[in-house]
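K.L.:
Sequence:
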Amino acid sequence: MRPVVDHALPRLLDYQDAPYARRYLARLAPFAAHERVGAIVARHLATWMTYEDAIRVAQAKTRAARFARIRAETRAGDAVIEVTDYLKPDLDEIWGILPDRLVAPFARWAERRWPHGRPTLGQHVRTTTVSGYLRVWLLARLRVLRPISWRARVENERIDRWLAGVARALAWDEGLASEVAQLARLVKGYGDVRRRLLALFDTGLDLALRAADAEAPRGAGVGVTTALTARFRTLVLEGPDGETRAAALAKQAGAHITAGNLDTLQALLTPPTIA
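Taking the numbering used here, I'd label the letters of the sequence shown as residues 1 to 275.
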């Protein structure tokens, strides 16, 4: 766990500030005594807490090292180079960096208005001109607003639910806790892809905890729940077809749990044989 934390802290400091890095450490504290689970949580938590928003993109695009790398790769020498960045943020990414209290009503409206995809604002910015660079540089300076932003609230609410789920699973079984921790691998991508995967993450977390709640009282461990959670995650990571199959698996498993048919859950994890 320590090597993961040592690698994560500079990243968190670069992303935000020292209080943000301390928040990361505080979130890890409940898992410090569990090396296996703690290492998984530490790795995924660092990635999640440094989610890529418009501020992070602007920060990356205005680093001096980036322009030096471009000049070296193009072998431009002392010649004048022009860099044009194509940006295409959607509505969530635009107001995601603004104070939550200001934009939350608009975000809720957009979710109802465009449930399956937000409009985007495509733009070309020449970051090697004074005006273009200044425009992106000022965007990067909005980092001070990130802790109170709409995106920060949404991400942190989900992070806290995930950590609570891992802690709850750890009370049952370390193997299950590891699988619940690895559900964070589903949190990735941008725009519509990220929203789709976040919905599946929520489904997987709910499924794991519901199944364990039903299986644990039987006194035979939570092996089926652990396998079910792993299977769900594996399917989602296979791509769009796997996502569909994962959603179907969760729906079927949920129906079995609701009906109290726990003995049949194992059958859902057994691939059909071909005669």
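No wet-lab data here; the hints were simulated from the structure.
Keep in mind that this is a model prediction, so the values were computed, not measured.
Hints are not guaranteed to be accurate.
Result set (DSBU-like, lysine-lysine): computed pairs, CA atoms no more than 35 Å apart in a straight line [stated by the list, open to error]:
id, residue 1, residue 2
1, K188, K251
2, K88, K61
3, K188, K88
4, K251, K61
K.L.:
Against the structure, test the hints numbered earlier, and report the numbers of the ones violated in rising order.
P.N.:
4
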